[in-house]
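Q: Quick note, the sequences are listed as chains A and B, same order. Sequential numbering of the first sequence, starting at 907, is according to our numbering. Sequential numbering of the second sequence, starting at 374, is according to our numbering.
Each hint should be verified, as a subset may be incorrect.
As the list claims (entries may be wrong) - Computed footprint of chain B on chain A, listed as stretches where at least three residues anywhere in the stretch have a Cβ under 8 Å from a Cβ of chain B:
id, region
1, 1303-1313
2, 1327-1340
3, 1410-1420
4, 1429-1435
5, 1471-1480
Worth flagging that the hints you see were computed from the coordinates, not collected in a lab. No residue lacks a Cβ here, since even glycine has one placed at the ideal position from N, Cα and C.
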Amino acid sequence: MTALDNLLLLALLTVLLLLAGRRLSSLGWYLTILFGAQFAGLLMMGALGYGAPPVPSSLHIGVMGQVMQWRFDALSWLFALITVGAGLTSSWYLAGDWGRHYRQRGGNLWLLQLALAVNVFSMLLLLASGDLLSLFIGWELVSWSAFLLMALNGADAMRAALRYITYAMAGAMAMMAGLGLVLHTAGSLQYADLAAAVPTLSSPQLWGLILLFGMGFGVKMGLLPLHLWQARAYSETPGPGASFLGAVSTRMGLWGLILVLVQLVGLVPIADLAIPYTFLDARELLMWVAALTIILPTYTALRQNDARMLLAWHGIGQGGYMLLGVLMGDAMGSAGGLMHAFNYATYQAPLFMAVYAVRYRTGTSDLNRLGGLVTRMPLSFLVMLVGIIGLAGLPPMNGFVSKWLIYRGLINDGQPLLFIAAVVGTFGTILSVYKLIHNTFLGQLRLEHVEVREAPWSMTVPMLLLSAVVFVTGYLPGLVLDWVAAAQQAVGLPVLVHTLGGVESPLGSLDMIWVSSLMFAGFGIGALLFYAGGNRSKAVHQLDNYAGGHFLSADVRYQYSDHFYAGLMRHIGPLYRNSFQWLEGALGTTVETLGAAMRAFYRQHHPAIYLLAVTTAGLIWVIL
Amino acid sequence: MSIGTLALELLLMPLVAFVVGLAMVLMLRRIGARIQRRVGPPLLQPLYDVVKLYGKQTQISHGIVHDIGIVMAVGGYIAAETLLPVPGMDGIAAKGGLITLVYVLMVPMLGLALGVGQCANPNGSIGISRALTAMLAYDIPFVIVVFGISWHYGTTDLTRIIALQQAAGPAGWGAAEMPLLAIAGLIALHASLGKQPFEIYVAPAEIATGPMVEMGGKYLGGLFVMQCFQLYTASVLYTTLFLGGGENWILFLLKIFAVVAIPMTLAYLFPRYRTEDLVRLLWKWPVLIGLVGLALVMR
C-alpha cells in the first residue's frame, strides 16, 4: 500500500460511508472529518510539493493489452490540494445550519453530500491517472459526477445540467477520437509512448491531437467558444456545491491541457505548427483563445444582475489567465498560470459562500434587491472584500501575485496585445466586483433586511479560513511558489527561481512582504491621521442624507444599483451581440434538422420505396 | 543601506509627497484663476483648507466602512509613495516596480469607492460608477505605455529605468526615444487626475459632487490629502518614465510641476466630457498613438 493507495481508498470509503449512512444524523460533520482525513492523506505526500519523485499506486489493471495505472506527481498533488481543500471547506459550510435550511426547503441534503464526495473521489482518481485510458475513465467519472451535483436543484438546474452534459459528451467524443489517434500513431496509450512518438507525428496529426484534446478539456474549462453551459449550470448548483464546482471543477480541464499539451506533446512542437496565411502558430492561437476567454466572459459578468451568475462568469474568465500563463512556457508566465489556479480557488470558494450566506439570510442574490448589508453581516462583508480584492488581482491578496507573474511573462515574451488583453480583463473585473460588493453590502439597507443577522458560525468559519489563506499566500507567495516550482519541474517547464516574498530578477522584482507590510503601515498612518486628527465623528442614520432638498423616509428607495455602468454601456453596449448563443442555437437547429430529415428518411415517408431501393442496391452490390 | 536610513526614507517620501502635492494644488488653483482673470488663493491656502477641514466641529460618519474608506484612500497613497523613487531616495522601489505601483495605486481608489458606497447616497454611487468607467478608459492607453516602457528598458524596476535614462542624457530620455508613447502617457495620466475636462464623476450641478456628496470635515480633508498625493504621484511617475527622473531636487521639481501644469493649462479650456464621450476619446486617440508608438518601440 502506497500513500496514494491510502488516499484513494479513503476517498472511496468516504463515498461508501455516505451511501451507507443515509440515516445518520450529523452526516455532514462526518463528511467534513473524512475530507479532513483526505487532506491529511495529501499532506502525507507533501514531499511531492517540494520536488520528490512521483508516488505510484500499487494498483495495475490490464485491459486489452493496455495497462492502466495510477500515480501522483507534483502537478497532480497541487490540483488535488485544491480539490480536497475546496471539498473540505464546502462540506464544512453545509454541515451545520446551511444543510438544515436546505433540507427544510425540500432539498435532498444526503444526495448533495454524496455528490460532493463522489466529485472529490473522481477528481482524485483523474488526477492520479497514469496513462491515457485511466485518464479517459477518470474524465468521464468527473463529468458525470459534476452533472450529479448540478442537477439537484429543480427544473432550471436540470436544464442547465443537461446543457452541460451535452457539451461534456461532445468533449468526451473529441477526446475519444484523440485517444484513437494516439493509439494509431503511438501504438499505445501510455504517456511515455505518446511523448516518444510526438517527434514522428506529421503536422496534420499533431493538429488533430491538439484540437481533439483541446476540445475535450476545453469544454470543462469553458474555453471560448465552448463556455456557454458553465455560468448557468454553476449558479443553479446548491450553495456549497457551487462554491466547490466554481473553485475547482473547471480546473480539471486546465490540468488535462497541461498534461497533454505541455507535459506529453511539449510546447515546442506546438509552437512550430504555423497557421498558413497568418503570423500565428498553434501556441499563439491557443493563447489568443485564452485571451478571448479572459475578456468576453469578464465583460459578460459585468452585465449580470445575479451575484451567482456574476461570479460564475468570472470563473470562466479567470480560467483564461491560467491557460495564458501556462502556454507562455517560460518560468514566470507558467508559474503565474499554475499559481493562479490555486489562488483562484482560494477566493472563488469564499466568494460563492459569502453570496450564499446573504441568500441564506435574505433569500435572494439579486443585486437589485439587496444593499446596505454590511451593518448586518460584517463578517460576510469582510470575506467578500478579501475575495474581490483577490479576484480583481490587487495587492496585497494572492491574486495579484499570480497575475503579476503572468503580466511579467507576457512582457518577457514580447506579447503586447495579449498583455493589453490580460489587463483589460483585470479592469473589467474591478468594475464588476465593485458592483457586486456595492449592490450587496453597501448603499441603502432595505426595510425588509433591517432584522437580518450575520450568518451562523458553521458558515462563517470556513469562509474566514479561506480568506485567511488568500491573505497569507498573498503576503508570503513563496509558500505556494514552492509547490508551483515542483509542478513546473514535473511537467518539464523551466522552474521559477523565487523567494518567500516573491521573485527577484533583474527584469523586475516583487517582494510582497515589503509591499504588503508597507501598505499596512500606510493604512496605519492613514488611520492615525483619521482617528487622531479632528473631532470624533458622529454616526448618522442612513436616511440622514443629502437628497437635493427632499426629506428621505423609510419607504423611499434611495439606492443606485440597476444598470450600474450606464455610461460605459452606452459605449460598449452594442458590442454585446450574443454571437455565441446564436452559434449554439444554429448548431442545435442544424442537428435537429438533420435528425428530422434522417427520421423522415427511414421512418415516415414512403418506407416501402426506401426499402425497395436499399434492397435493390444491396442486391446489385452482392451480384457485382 | 542601513535599516535607519531606509526607515527615514520611508517616512520622508510620503511627507515630501504631501508637501509637494499641496504646492501642486495651489498651482492648479492659480492656473485656473489666471485663466479666469482672477488673482487666485494665497500661498498657504491648501494647508489652511486641510487644517480647516480636520478642525470642523461636526464630523458625520455613515458607518465604519465610510471611515475605513478614507483610511484606505490616504494610507494606500502613503504606501505607494515609497515605491516611487525620488532624487536620493529609492525607498522600496526595487522591491515593487512599475506594475506593482500601478496596481497599488488602485487600492486608494477602491478604498474611496467602498467609503462612498456606504454613504447610501445614489449621487455618490453614480460618481463612483463614472470614476471606475473613467479608470477603465484611461488605464488602457496607460498599460500600453507600461508595456512599451518595460519592453524598451527590459525591466519594470523604476530605479533601473531612471538610471538608464540618466546615463544616456536628455537624448536618451523616454520622451525622446518614445515620443508617441510619451504623448499617449501624458493624456492618460492627465485623465487619471480627474480634472477638467474629465471630471464628469464630480459634476457638481448634476450629481452634487458625486463621491464627495456625503463627505464633510475630516472625510473631505482626507480626500483633499489624497488629491495632493494623486497629483504628486502622477507627475513623478511620468517624470520617472519619460523625463529621466530627477538628477537633483531642483530639476526634479521643475519637471514634475511642468508635467502637471502644461496639460492642465490646455485642459482648462475644454468643456467637460460625458462618460461615454470620455471613454470614446480615450480609447481612440491615446490608444491609437500608443499602439503606433509601441510598434515603433518594438520594431
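Q: Okay, the region 1429-1435 of chain A and chain B, do three or more residues pass the C-beta test at under 8 Å?
A: holds (count 6)
Q: Taking a Cβ-Cβ distance under 8 Å as contact, does the region 1303-1313 of chain A have three or more residues in contact with chain B?
A: holds (count 3)
Q: Holds or violated: the region 1327-1340 of chain A covered by chain B, criterion of 3 or more residues with Cβ-Cβ distance under 8 Å?
A: With 7 residues closer than 8 Å to chain B, the region 1327-1340 of chain A meets the three-residue bar; holds.
Q: Three residues or more, CB to CB closer than 8 Å: is that satisfied between the region 1471-1480 of chain A and chain B?
A: holds (count 7)
Q: At a Cβ distance under 8 Å, does chain B reach at least three residues of the region 1410-1420 of chain A?
A: holds (count 7)
Comparing the model with each earlier hint shows no violations; every hint is respected.
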